[in-house]
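Using the sequences and the hints, build the whole thing.
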Amino acid sequence: MSAASIIFYIIAAFILGTGLLAVTTRKIFRASIWLLFSLIGIASLYFWMQLEFLAAVQIIVYVGGIVVLIIFSIFLTIKSGEEMPKPIFKRNIFAILAALSGLAYTARQISLYKFQAPENPAPFELKVSDIGRQMLSTTDHGYLLPFELISMLLLAAMIGCIVIALKQKEPVKTLQS
Amino acid sequence: MTGIPLTHILFLSTALFFIGAYGLFTRRNMITMLMSVELMLNSVNINFVAFNKYLYPDKLGGVFFSIFIITIAAAEAAVAIAIIINLYRSHHSIDVEDASEMKY
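Protein chains in written order, with our numbering: chain L, 1 to 177; chain A, 1001 to 1104.
To be clear, the hints were calculated from the coordinates, so they are not data collected in a lab. A few of these clues could be false.
Result set (DSBU-like, lysine-lysine): computed pairs, CA atoms no more than 35 angstroms apart in a straight line [as the list claims (entries may be wrong)]:
#, chain 1, residue 1, chain 2, residue 2
1, L, Lys27, L, Lys114
2, L, Lys86, A, Lys1103
3, A, Lys1103, L, Lys90
4, L, Lys90, L, Lys27
5, L, Lys27, A, Lys1059
6, L, Lys167, A, Lys1053
7, L, Lys27, A, Lys1103
8, L, Lys127, A, Lys1103
9, L, Lys27, L, Lys167
10, L, Lys86, L, Lys167
11, L, Lys114, L, Lys127
12, L, Lys114, A, Lys1103
13, L, Lys114, A, Lys1053
Structural data, given as structure tokens:
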């Protein structure tokens, strides 16, 4: 067993353990911190696969953006120190059963399927210049249209967020002293 | 690097996906449900990248899909949190059981 595979199994155990804690712990603030660790583990998995650009994007967007947003909204909405109520026993049992059966089915399908790796694979390397060039090209493997669509979607989502979360104006009450 | 077969990475992402699904089934708090959805989206990203790296190393399709999924996930989380904060203002609770006006 080489060092690389040992590192992979350590990363996998870290991701799964922190992910499981993130969905089972009953204090919501701790759940968000466990989610943070799980996302960092996924970023390190990208580093392990030598996709440095994607790992950097993962850390910037998820760890720096979404988790901070979630923590802000926790502070704005509920008391973070309180414990959440336990899930109902029956619902918990059925959720565990559903997750385990889905996991068993999918794992069996994966282990039965024969993945055809290419015969003599070209070395996979991810250059940022290639990503940039393909992102803005209109030829065969170009992604200009989805790029523009995504940017429009992001703009619309941000404006929508601001409009939704705006404070509603109180109806002006006329003081009659 | 070559010691790990593709199936082990797929097992990891499957397990992560169903951990997220379990959280989505049991949690009744909207923010924690949103966290579970983020876990599921991340597991799908791992799948795309692993397929790209192991099966089609000469193309970059999986990486592009992952980048687009990350962008959409960011937009989705922002919109969801805006809705949650607005719901908290009107209902003083972010439990899904308490927001049942449009249920029937």
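Quick rundown of the hints versus the structure:
1. Between Lys27(L) and Lys114(L) the CA atoms are separated by roughly 43 angstroms; this puts the pair beyond 35 angstroms, and the hint is violated.
2. Restraint check for Lys86(L) and Lys1103(A): satisfied, since their Cα atoms lie roughly 24 angstroms apart, inside the 35 angstroms limit.
3. For the given pair, Lys1103(A) sits about 22 angstroms from Lys90(L) by alpha-carbon distance, which is consistent with the 35 angstroms threshold.
4. As the CA atoms of Lys90(L) and Lys27(L) are separated by approximately 21 angstroms, the hinted pair is consistent with the 35 angstroms bound.
5. Straight-line distance between C-alpha atoms of Lys27(L) and Lys1059(A) comes to about 43 angstroms, which puts the hinted pair past the 35 angstroms bound.
6. Taking the CA atoms of Lys167(L) and Lys1053(A), the gap is near 47 angstroms; set against the 35 angstroms cutoff, the hint is violated.
7. Proposed proximity of Lys27(L) and Lys1103(A) is supported: the alpha carbons are some 28 angstroms apart, at most 35 angstroms.
8. For the proposed pair Lys127(L) and Lys1103(A), the alpha carbon gap of about 49 angstroms is over 35 angstroms, so the pair is violated.
9. With a C-alpha separation of about 29 angstroms, the suggested pairing of Lys27(L) with Lys167(L) holds against the 35 angstroms cut-off.
10. With a C-alpha separation of about 33 angstroms, the suggested pairing of Lys86(L) with Lys167(L) holds against the 35 angstroms cut-off.
11. For a cut-off of 35 angstroms, the pair hint linking Lys114(L) to Lys127(L) stands: about 30 angstroms separates their Cα positions.
12. For the proposed pair Lys114(L) and Lys1103(A), the alpha carbon gap of about 45 angstroms is over 35 angstroms, so the pair is violated.
13. This hinted pair checks out: Lys114(L) and Lys1053(A) have alpha carbons roughly 16 angstroms apart, not beyond 35 angstroms.
The earlier numbered hints that this structure contradicts are 1, 5, 6, 8 and 12.
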